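**Q** Next come the chains, spelled out residue by residue.
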Amino acid sequence: EDQVTQSPEALRLQEGESSSLNCSYTVSGLRGLFWYRQDPGKGPEFLFTLYSAGEEKEKERLKATLTKKESFLHITAPKPEDSATYLCAVQWSSASKIIFGSGTRLSIRP
Amino acid sequence: EPEVTQTPSHQVTQMGQEVILRCVPISNHLYFYWYRQILGQKVEFLVSFYNNEISEKSEIFDDQFSVERPDGSNFTLKIRSTKLEDSAMYFCARRALTGELFFGEGSRLTVL
Numbered sequence: 024e025d026q027v028t029q030s031p032e033a034l035r036l037q038e039g040e041s042s043s044l045n046c047s048y049t050v051s052g053l054r055g056l057f058w059y060r061q062d063p064g065k066g067p068e069f070l071f072t073l074y075s076a077g078e079e080k081e082k083e084r085l086k087a088t089l090t091k092k093e094s095f096l097h098i099t100a101p102k103p104e105d106s107a108t109y110l111c112a113v114q115w116s117s118a119s120k121i122i123f124g125s126g127t128r129l130s131i132r133p
Numbered sequence: 064e065p066e067v068t069q070t071p072s073h074q075v076t077q078m079g080q081e082v083i084l085r086c087v088p089i090s091n092h093l094y095f096y097w098y099r100q101i102l103g104q105k106v107e108f109l110v111s112f113y114n115n116e117i118s119e120k121s122e123i124f125d126d127q128f129s130v131e132r133p134d135g136s137n138f139t140l141k142i143r144s145t146k147l148e149d150s151a152m153y154f155c156a157r158r159a160l161t162g163e164l165f166f167g168e169g170s171r172l173t174v175l
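Read top to bottom, the protein sequences are chains S and A. Quick note: to get my numbering, add 23 to the position in the first sequence (first position is 1). Quick note: to get my numbering, add 63 to the position in the second sequence (first position is 1).
No lab work stands behind these hints, which were simulated from the structure alone. Computed from a prediction, not measured in an experiment: that's the story for all the values here. One thing to keep in mind: the hints can contain errors.
[What the hints assert, rightly or not] Ranges of calculated distance between the beta carbons of each label pair, as one might list FRET restraints:
hint, chain 1, residue 1, chain 2, residue 2, range
1, A, 135, S, 116, 25 to 35 angstroms
2, S, 102, A, 135, 42 to 52 angstroms
3, S, 75, A, 175, 47 to 57 angstroms
4, A, 161, S, 84, 20 to 30 angstroms
For every residue, glycine included, the Cβ atom is placed at its ideal position computed from N, Cα and C.
Take the sequences, apply the hints, and build the full model.
**A** Following this line, the structure appears as structure tokens:
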């Protein structure tokens with residue numbers, strides 16, 4: 024069964040304290056891996072798409088990387104407004120469905 | 064500005080009633096997805112819909128659920144006889160050519 028696993032479930036950081044979130048997935052024909060941000064009561068907001076191992080994407084304080092079996096979302100010098108749930112989603116080449124992980128709840132203290 | 068508009072934003076219904084949730088794209092797209100998110104849980108795939116046909120559906124998407132594009136623009140998710148466990152946020156998303164999904168703000172369904 025195709026699976027997406029995110030860790031940690033929750034992460035509390037001090038403002039300016041860099042860290043990384045992990046997303047591991049079933050290794051069988053990856054078509055695309057997506058990162059989203061979700062604020063409470065809102066729909067997921069698209070951040071990045073990664074297609075192949077070695078690929079990296081960057082936006083402000085966020086950088087997403089991809090290996091053959093996992094992806095990392097690196098947060099550099101985070102600010103309180105970066106507090107949200109970060110979701111990883113995967114599409115496999117054999118299917119149209121895009122499966123989401125359970126997310127990492129990130130909290131940044133001022 | 065969301066790329067899809069969902070209505071209603073919140074609906075309260077009695078168990079056993081039919082509910083229709085609507086999704087209106089900003090521009091003319093062909094590929095749509097419906098997801099649900101029970102409070103505090105993960106975003107779950109329900110169905111993908113391409114060019115007026117179901118492309119793929121999950122185990123959750125049983126005979127109680129249906130999707131339609133009745134007028135070529137609006138895109139609807141119907142739950143025929145709601146259960147308590149159908150209470151959730153329901154998200155519509157349009158899919159870009161590069162694969163990523165762009166979500167609406169969601170419809171909160173409360174079944175009493």
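**Q** If a hint holds in the structure, say so; if it doesn't, say that too.
**A** Now for the hints, and whether the structure bears them out:
no., hint, verdict
1, 135/A / 116/S: 25 to 35 angstroms, "holds, 30 angstroms"
2, 102/S / 135/A: 42 to 52 angstroms, "holds, 44 angstroms"
3, 75/S / 175/A: 47 to 57 angstroms, "holds, 48 angstroms"
4, 161/A / 84/S: 20 to 30 angstroms, "holds, 23 angstroms"
Taken one by one, the earlier hints all hold for this structure without exception.
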